[in-house]
Amino acid sequence: MSGRVVIDTGRLRVCAELLSRVREEFDRRPVDGGETGSAAAVSAVVDFTEYWGPGVAVVLDTVEALASAARSAADAYERRDAQDVWSFQVVSDAI
Amino acid sequence: MRSEGSSRPADWSALGLEADPTPGSPERVDAVASALHGQAERLWHVMEQVTRAVSGVKDAQWSGAAADAFVARLRGVADGAKTASAQHAEAAHAARLWSQDLSYTQELAGAALRDAEEALEQLASAKALLADVAGASLRVAQAQQQRAEAEAKARRAAEDHAEAEAQFAGVLRSTLSGAMPQVPVGQLEDFAGTFRDTGFVIPASAPKKPRTADSTALVKEVSLQYRTCRTKAEWAAWAKKNKRTAADVIAALKKLTPHGRERFNTMLSGGGARRGFASWLLEGARSRKDVAWLHDHLPNLEPGIPDGTFWKQWDDIDVSGPFGGWDINQGGVNDCWWLATLAGYANTQKGQRWLKEHIRDNGNGTFTVTLYKDGEPFPVTVTDYFPAQKNEGVEYPYGARHGKDPNWVSIYEKARAAMPDTGSYDVVNGLFSVLNKDFGSGGAMETLTGDRARWFPPNSTQGRDYSTQKLRDDLEAGRPITVTTAWPGRGDLLDWHVYTVTAVDPGGIITLRNPWGPTNEKPEYVDLTLDELKTAGWYFNVGAPK
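The listed protein sequences derive, respectively, from chains B and E. For the first sequence, our numbering assigns the number 1 to the initial residue and increments by one for each residue that follows. For the second sequence, our numbering assigns the number 1 to the initial residue and increments by one for each residue that follows.
The hints are simulated quantities; they were obtained by calculation from the structure and are not laboratory data. Glycine residues also receive a C-beta, built at the ideal position from the N, C-alpha and C atoms. You may find that some hints are simply not true.
[As the list claims (entries may be wrong)] Just so you have them, the derived chain E footprint on chain B, three or more residues with Cβ under 8 Å:
(1) 13 to 24
(2) 31 to 40
(3) 45 to 56
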């Protein structure tokens, strides 16, 4: 723990939006290895797409998860702050 | 006949093939290359945006353990996107090269098919000429030869195709690494959810160092350098400065696609043998196998070869000596001026030693001969391939009159052909010799030793003063003497031919040797007086002693 917790949730939401757009804008176009040569070339292209198709998906899914995490974090900090405000008011009213 | 939906011929039977030896569509490969390139650019954009997000986290002044974990994860995915982009870019580059090679090999195969079809047509028409049996059989033989050549061309296209395709597939397979690890189902959702309260941990991929296309860069560097380097010494200096070796360059050249090699070889046609590059590369080859590869794949590293000949390798050539004038038996190359001069030096002990000291067996199928240019040593490295001919199934050195295998003289001859002012066996001829500095053998003498020679016609002042005693003194001092004969000359001498003066006896009889060696056409040795020699001679060359 750093012992210091501060955050501008508005900027964090901008960051989340940036990451979301990356995911949305990414145009995944399939690569067709047909007629690229004999079986050696065709199978190499197939192997490439079978490896990198999921490989790229992990990148994009992680970016999406990070966007979601940034939004969740912003929500969590704002909610906690609101709860803290409410708690202080309750305590303040009680004393 | 073309196959449906394709510009490629469907029928390859003229070549005895069931299918296209070079399958594939360059347009489709180009489309794959474009798709991969686009994907590489998009992934690069992802990396840039994720990196911007890292800055965004800082702008948000978010700190703490969760923020640290979030940023670490962002950096991990940026690295993952960068690696994926690099691998896609490399695959796209390989696809572009493969597309070029595919087009090239398809052109070769297409040309072979056309040749074969033409040969078959000629065969059919020749067989119809039954009345003219002799003419028909000749045309049949020609057509069969053409078809055999077409089949060989198609085989070559198929081999090049397979090689380039294997390279493409190899590069693609080499890019199958560096992807971020798969995340178990549900973990990413959990990951996002954990931010409501605490930090998170999911495996991050290790950043992968981008692979560098070192061999491609090296070939490009060599190609650029080729414009400025002129000698073996300049290439050696470049290599030293850049911490490169000939073996590095050979390894990089081997990684070129067939089309890339073709381009490199075309570049060498402007003087591969002459610009010192061949000498530096061949001498630095680590093995005989590498030299054979260079000879086979980059033929312009060799000097030009006479029409009607082919290269043949003769290994185990002994250059340890002893050397002698008797080793010189001129073949098909019209370079009596060069060989008669070599004989002049090989005629004396000092000259023999000089010749022996100026040839070195590199032990890898090459020899380095140190000749002289502008008075300075000029090493030339040549392979043990020599021009050959074939008759009745027997392969023999070009123009060999005695069926002898190449020897040290053949190496000196090839080195002369590879010099910057010639570059071809066809150029080192009699005409070249008379246009040469110091006229005729004088140029040869200077090229062999770096020392100026003198020349004079017999009817000049110097020629008239030249006595038998002076000739004897020159021989005893170890000076090579050659005589170029006049036209028309004596019956026992060839006209316009260079002879070596080998001896003068106490009675003043001078012996000349024909560099052809023993033949049935003219005597190998001719004895005559100085007056007779002056009558028969067009000019004399006298070299410096060695």
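Check your understanding: Has the region 13 to 24 of chain B got at least three residues whose CB is nearer than 8 Å to a CB belonging to chain E?
Key -> holds (count 6)
Review point. With a cut-off of 8 Å between beta carbons, are at least three residues of the region 45 to 56 of chain B near chain E?
Key: Check passed, 8 qualifying residues.
**Study point:** Verdict on chain E covering the region 31 to 40 of chain B, criterion of 3 CB contacts below 8 Å
**Key:** holds (count 9)
Hint check: no violations occur; every hint is consistent with the structure.
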